[in-house]
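Read top to bottom, the protein sequences are chains A, B, C and D. Just so you know, the first sequence maps onto residues -18 to 407 in the numbering used here. Just so you know, the second sequence maps onto residues -18 to 407 in the numbering used here. Just so you know, the third sequence maps onto residues -18 to 407 in the numbering used here. Just so you know, the fourth sequence maps onto residues -18 to 407 in the numbering used here.
A couple of the hints might just be wrong.
Each pair may be met inside one copy or between any two copies, as identical chains are not told apart.
Said to hold, decoys possible - Distance condition first, Cα-Cα at most 20 Å in a straight line; then the derived PhoX-like pairs of lysine-lysine:
{"hint": "1", "residue 1": "Lys35", "residue 2": "Lys206"}
{"hint": "2", "residue 1": "Lys349", "residue 2": "Lys25"}
{"hint": "3", "residue 1": "Lys206", "residue 2": "Lys25"}
{"hint": "4", "residue 1": "Lys25", "residue 2": "Lys215"}
{"hint": "5", "residue 1": "Lys206", "residue 2": "Lys349"}
{"hint": "6", "residue 1": "Lys161", "residue 2": "Lys35"}
{"hint": "7", "residue 1": "Lys215", "residue 2": "Lys35"}
{"hint": "8", "residue 1": "Lys206", "residue 2": "Lys161"}
{"hint": "9", "residue 1": "Lys25", "residue 2": "Lys35"}
{"hint": "10", "residue 1": "Lys215", "residue 2": "Lys349"}
{"hint": "11", "residue 1": "Lys349", "residue 2": "Lys41"}
{"hint": "12", "residue 1": "Lys349", "residue 2": "Lys35"}
{"hint": "13", "residue 1": "Lys161", "residue 2": "Lys41"}
FYI, nobody ran anything at the bench for these hints, they're computed from the structure. Every value quoted in this text rests on a predicted model; they were computed, and no experiment measured them.
Protein chains: 4
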Amino acid sequence: MPENAMVRAHSINRSPEKGQMMDGRNSRKADHVGKQRRETTFDKVALEAARRWKRLDLDKARAELFHQRARDNAATYRRNIESYIGTVDTPVGLAGPLRINGRNGTVIYQVPLATTEAALVASYQRGSRLITAAGGCNVRVLDQGVSRTPMFAFEGLVEAERFARFITDHSGDLNAVVAKITSHGRLIGVRPVVEGNHVYVDLRFRTGDASGQNMVTFAADAVCKAILEQAPVKPEHWFLEANFSGDKKASSKTLGDVRGKRVATDIYIPRELVRQRLHTTPERMVDYWYAGALGGVMSGTTGIQGHFANGLAALYLACGQDVACVAESATGMTRFERTAENDLYASVTLPNIMVGTVGGGTGLPSAKACLDILGLAGAGNSIALAEVCAAIVLAGELSIVGALCSGDFATAHLSLSRGESMNKNG
Amino acid sequence: MPENAMVRAHSINRSPEKGQMMDGRNSRKADHVGKQRRETTFDKVALEAARRWKRLDLDKARAELFHQRARDNAATYRRNIESYIGTVDTPVGLAGPLRINGRNGTVIYQVPLATTEAALVASYQRGSRLITAAGGCNVRVLDQGVSRTPMFAFEGLVEAERFARFITDHSGDLNAVVAKITSHGRLIGVRPVVEGNHVYVDLRFRTGDASGQNMVTFAADAVCKAILEQAPVKPEHWFLEANFSGDKKASSKTLGDVRGKRVATDIYIPRELVRQRLHTTPERMVDYWYAGALGGVMSGTTGIQGHFANGLAALYLACGQDVACVAESATGMTRFERTAENDLYASVTLPNIMVGTVGGGTGLPSAKACLDILGLAGAGNSIALAEVCAAIVLAGELSIVGALCSGDFATAHLSLSRGESMNKNG
Amino acid sequence: MPENAMVRAHSINRSPEKGQMMDGRNSRKADHVGKQRRETTFDKVALEAARRWKRLDLDKARAELFHQRARDNAATYRRNIESYIGTVDTPVGLAGPLRINGRNGTVIYQVPLATTEAALVASYQRGSRLITAAGGCNVRVLDQGVSRTPMFAFEGLVEAERFARFITDHSGDLNAVVAKITSHGRLIGVRPVVEGNHVYVDLRFRTGDASGQNMVTFAADAVCKAILEQAPVKPEHWFLEANFSGDKKASSKTLGDVRGKRVATDIYIPRELVRQRLHTTPERMVDYWYAGALGGVMSGTTGIQGHFANGLAALYLACGQDVACVAESATGMTRFERTAENDLYASVTLPNIMVGTVGGGTGLPSAKACLDILGLAGAGNSIALAEVCAAIVLAGELSIVGALCSGDFATAHLSLSRGESMNKNG
Amino acid sequence: MPENAMVRAHSINRSPEKGQMMDGRNSRKADHVGKQRRETTFDKVALEAARRWKRLDLDKARAELFHQRARDNAATYRRNIESYIGTVDTPVGLAGPLRINGRNGTVIYQVPLATTEAALVASYQRGSRLITAAGGCNVRVLDQGVSRTPMFAFEGLVEAERFARFITDHSGDLNAVVAKITSHGRLIGVRPVVEGNHVYVDLRFRTGDASGQNMVTFAADAVCKAILEQAPVKPEHWFLEANFSGDKKASSKTLGDVRGKRVATDIYIPRELVRQRLHTTPERMVDYWYAGALGGVMSGTTGIQGHFANGLAALYLACGQDVACVAESATGMTRFERTAENDLYASVTLPNIMVGTVGGGTGLPSAKACLDILGLAGAGNSIALAEVCAAIVLAGELSIVGALCSGDFATAHLSLSRGESMNKNG
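Isolated chain A, as found in the complex (with noise of 0.2 Å):
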């Protein structure tokens, strides 16, 4: 839930995530409950979407958004969304092969990007595709983490320092009470800053294989209190989440550091290869590379890069990741560098993956099945997938960029706009 994310729960005892994170023994208990659960909702969602329809009095919307299959699957969304009236489809595009030297080793992916922008999938399939022929792009998960940043209001800031000395002193007794809320989160971090009487305090979590939004906000409700209940100066108000975190929101202080998961990769390709797939040379990529990297300063952007929203929204949506997330997750660095033999070095380094493979949207049908493209559903894969993620716009950078340096793409894109095929290897 983004949502969430920013709300300050009171009551904790049953996590919803717990739920969709339990360990095997439980699972089949589990299923039996939902699937009777699943029934007894069924009617209600759809009849309150054919309510709902009734009185918008608009059929041709209707045929096309509350279709059998949104009738069929109505219970099945009822955690994810409210006030329910169908599905909307975006379709889905394969790029690939991409070869990752990881974690487990080099895997092969193809990867299910949804869009409806035209060329955009051609184009990260053509950057695949390049890296795969140059070897593979080498990727490391660098660190992981996700904040909730509470702020606690005093009189003035002799109390607030206070407040703060008392944080730092006792931060090591706080990961006892997250361990009571949830067997997936773990406290690493807990660091108080004050600006005047605020204290924000940035806390600082490990979140398993989920991307761990609802987790931290009721492991940080938890630890609230517990430092409330003991704290000896008491704020005169204070909030669950205060807007330090960086939630939903590129931030300079996330690009030297870790939201979610800090992936980078990085790959060396000959100019021969280059020169056949992107149809110009390395030294006019590091030209580019300058000129986007000096514009994009000037614009007063976050990092440096060319187009990373585009290949992680369209793997986030296909994947049932938060898209919302693209706002924070669509920053970093792009460097590309001319060797001393004349040949591309390129890497990207993402501070802000905020991917997961159990909880959120990814147990929804769609979500499942581009995950099972990848191979990546379920427990033990949000590395793997954060991977994904940085090869991926490795590929599309390399793409864009070289299409903007020999024009090549552009005919191609008009012609895909167009919906002809291409006899290009492009």
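Starting from the known structure of chain A, fit chains B, C and D onto it as the hints suggest.
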């Protein structure tokens, strides 16, 4: 198309957007031709998808993505996707009534939001009803313009400065070039910016009712070529886009200016309504605003806001907008103030709304259906759609901050993510 | 005056800057009047300072700050300081020769730099000599303009938007208002920016050879009053400056635009010179540039640069500029590239140089002396002074990066901070 | 020294700062040696300056810069300047009384401010007196630490990640290395940040009462060499500083963290005092705060503040601090709120105060005199000096906003810049 935002287009005789935006006289003929083409391409698109699934060999995934509806619609997507393998479903909920006092007077909307994140629709609905109960929000589109920013690199600064002066002196001549390319786009600004031996040129366009990234690419290409023909000094190389436009990225440049549409909305809400609907007070909401404003600023975000990305992603996805644009659109300023009468003043300003009601994915079946729910499909409606964006974002800011102040929403959230309905009106 | 940059001026009949910038015919008379006034004020300023020291009762400090020279000059400072107690000394070193190919052709400067930081002058000197050995750097002032940004607050967005439209429609009439206030300032831009019920107005001025913060304050005040008289809708309150101008602050808004003077410089340096003077190679300097560019970006700085602040602070202090403006001036872009011939290309772009050669502290004895060393005292010289700023900053970037690449400079630094001289030319 | 902040120091046997900070027992001997050296260098420094003036051939400038006092003090500056030609004078005014409730209880200061900008001292004085009349401001130094950020470049990401892991695992061993270099500096943090094949290492130090840029440079050099000796994988190249530290630049990284000293101050001011001293109301000042906060954010500045740079530049210059550091210090957060009783709450938070009371320029005659006025010369006083920075900055924010709200100050300003005194207490 997000991609060709950064692609140099060589042959621009037949712009795909022209087809989508052609006027009434020709549309019947076009439909006829379109139908013929669709039929011939049908087999091809569906057959190729089937071939891809054969290689993937994943029956369950195939059933979820490439079901009958996805096969039937295959040809429909031929201009919007490559390497098609099917569609993903995203559930849609309805938030409303949302009363807007905008350019067309007062209109009451039901807003379709596509998301898999529990509680999101409920939260926007709560905010929408609050706005409506307070008499609706005022909304104004303040400015319009989409930039494409080519860069020309010279031997040195001396030549760069001479070239920039030439452009400044001849900018008046360039709109004639654009007029030959598109009847919907218009060049409204030409501003060269020199950095060392680089000359970035900020070409700004009106794009009619299209989001316009394609249009400005083709038009900018023509403008650049016209400049190059006549310039007294030639660049060593140039690129059609060099990352100074803010395309697909949160940028400070846009914050005090415009990209796409700059739109704002505001409202006065009596304290009694705040109490009834949000279970808190204007004072406390202003306390939160301070907390969130300083928290955001200390994290180095672009603008001051809570969670613009949530509402925009859900609305863009429902209505066939380019979801990757959330990366640039989810910036701006939320402001809450306490009035002399202790009521609440709230405003939201969005400098970078990228929406269209023609072109891109807006003509696809689901998107068309959602735009029809709003009554905003087709030409003449892009300004009203931007107004809806601002109003729904305001609804979300009010609701989330109310929830953070009162804690009420948390209970609702827990219920909602368990698929239970709520009894209270929250 | 830095202060009144943010101060609303009510009575503007006699601008102090007008006196400082009056033309030749009247200057003798003014000098005469000035001398009379100085004599009468002398006793007062010095006597008051003496009285303050009596209260402080610190003989040793008094001897260092309120020595004979500080007493003698007391009246000289009467327009530049309040509650005067004496003067502080800052040592000045000379960096040069620095060869500049600018607007006035080729000029070779010796640049006075005031600092207490060891090795600073030596480093800028090394860079200056390198530039000179390579034939000098090309410098161009690319744009000029100083903003004052009043803000008008209305009941709501609807009124704000109406007011903004009125300003846009009538901006042409406003220069006449300015012409009555100052013969040196000129209104060159009027741009309203709406945020909620706020209308910020970016009033941009040319300020002749003055830095111009005072001038734009008085002129903006007159413009605002003229607007208020005629506007069809009245604000609830307004402020003469509302922090949107970038005054005394690094701002992204300025980076791709201008505040004060936008000035750039570039140079090609043969690899043999890089080796001889900096004891490194162009390749290695480009390696450093990448490291520093990404490092800066990841730390969330405004622009990409090494240490602009050092040279600018030292030059501003020596030449009577407003040293607080270093906060805004020390932003911009440094770029190093390797040429096809493996030589070094280097450029520096400074969007925000705030310098004047009349007004402010430029007429005080020390400042006048330093400007005389440059040959740039008085009217007609502000563009050349901005050129010196850019060139000395380039010298500093080359030298520091050379030192970081080679390590040579460290030895020099240790010697210098011990007061020993160096044998080598570094 | 600002310079060697970015310089690799090879020979670090005898740190210059060690001499400046040595403990009591040896200081007499050092003074003796110092005196001898000063005498021998005297002729040399002065003679060389005279020779430079001969070449310049500017008698009037020489008289102003190289007067008797500048000749007499020549040797004094030998560790602080190269290519010496004399001194510039900057007038100093006194702002106070300024009452501070800080670490050492309540202290009332008279604050020396060096500037040539009319009305600056008067404005800070007005603010200081207001603070004092309201009972003084509370001030706290919240955190301390100065970073040096070397960067190590590897063949690829795989090696970079391995190196980063090695550093994380062995960070505990590194403080022993620092202990050999300096008795005043202490390594308090080691954080590797990977970007592609780059590893930036954020080395954070406590620097005692010195500003510490030199100290951290020498210490970081030793740390890097220790790392390189033992690391299991060697970099292709490395730099002692790679621009990730925020040195001499406003940075977002520092805003929610610390560089130098993070210091905050706050105060409650009764509305009657606001009326009497600032001729306005708390409500109106909060109106302004909103205007300025949003204005600053829309211009893309780092933090939210009015004119920190003015007070900091004047105080740094008076007290022998590195004036170039104004570029990094003039960032932070000003906050004004209206209390339930309609009084004013005001706070200022400065994350990046770079001050010392030993080393750098603090021992030079003028600086020592100004520190003596504050009673803060020498070891043990840097925290109190940071407190003065915060309090004087708060004074300036209150005064300028008061002036913008009331318009009173403008009259004063005009009088002051004409050298006339004021009758009112403003």
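Here is how each hint holds up against the structure:
no.	hint	verdict
1	Lys35 - Lys206	neither (46 Å within a copy, 55 Å between copies)
2	Lys349 - Lys25	neither (25 Å within a copy, 27 Å between copies)
3	Lys206 - Lys25	neither (37 Å within a copy, 61 Å between copies)
4	Lys25 - Lys215	neither (46 Å within a copy, 54 Å between copies)
5	Lys206 - Lys349	neither (37 Å within a copy, 48 Å between copies)
6	Lys161 - Lys35	neither (47 Å within a copy, 47 Å between copies)
7	Lys215 - Lys35	neither (53 Å within a copy, 48 Å between copies)
8	Lys206 - Lys161	within (13 Å within a copy, 45 Å between copies)
9	Lys25 - Lys35	within (15 Å within a copy, 38 Å between copies)
10	Lys215 - Lys349	neither (46 Å within a copy, 43 Å between copies)
11	Lys349 - Lys41	between (29 Å within a copy, 10 Å between copies)
12	Lys349 - Lys35	between (32 Å within a copy, 19 Å between copies)
13	Lys161 - Lys41	neither (51 Å within a copy, 38 Å between copies)
Violated hints, listed in ascending order, are 1, 2, 3, 4, 5, 6, 7, 10 and 13; each of the other numbered hints is respected by the structure.
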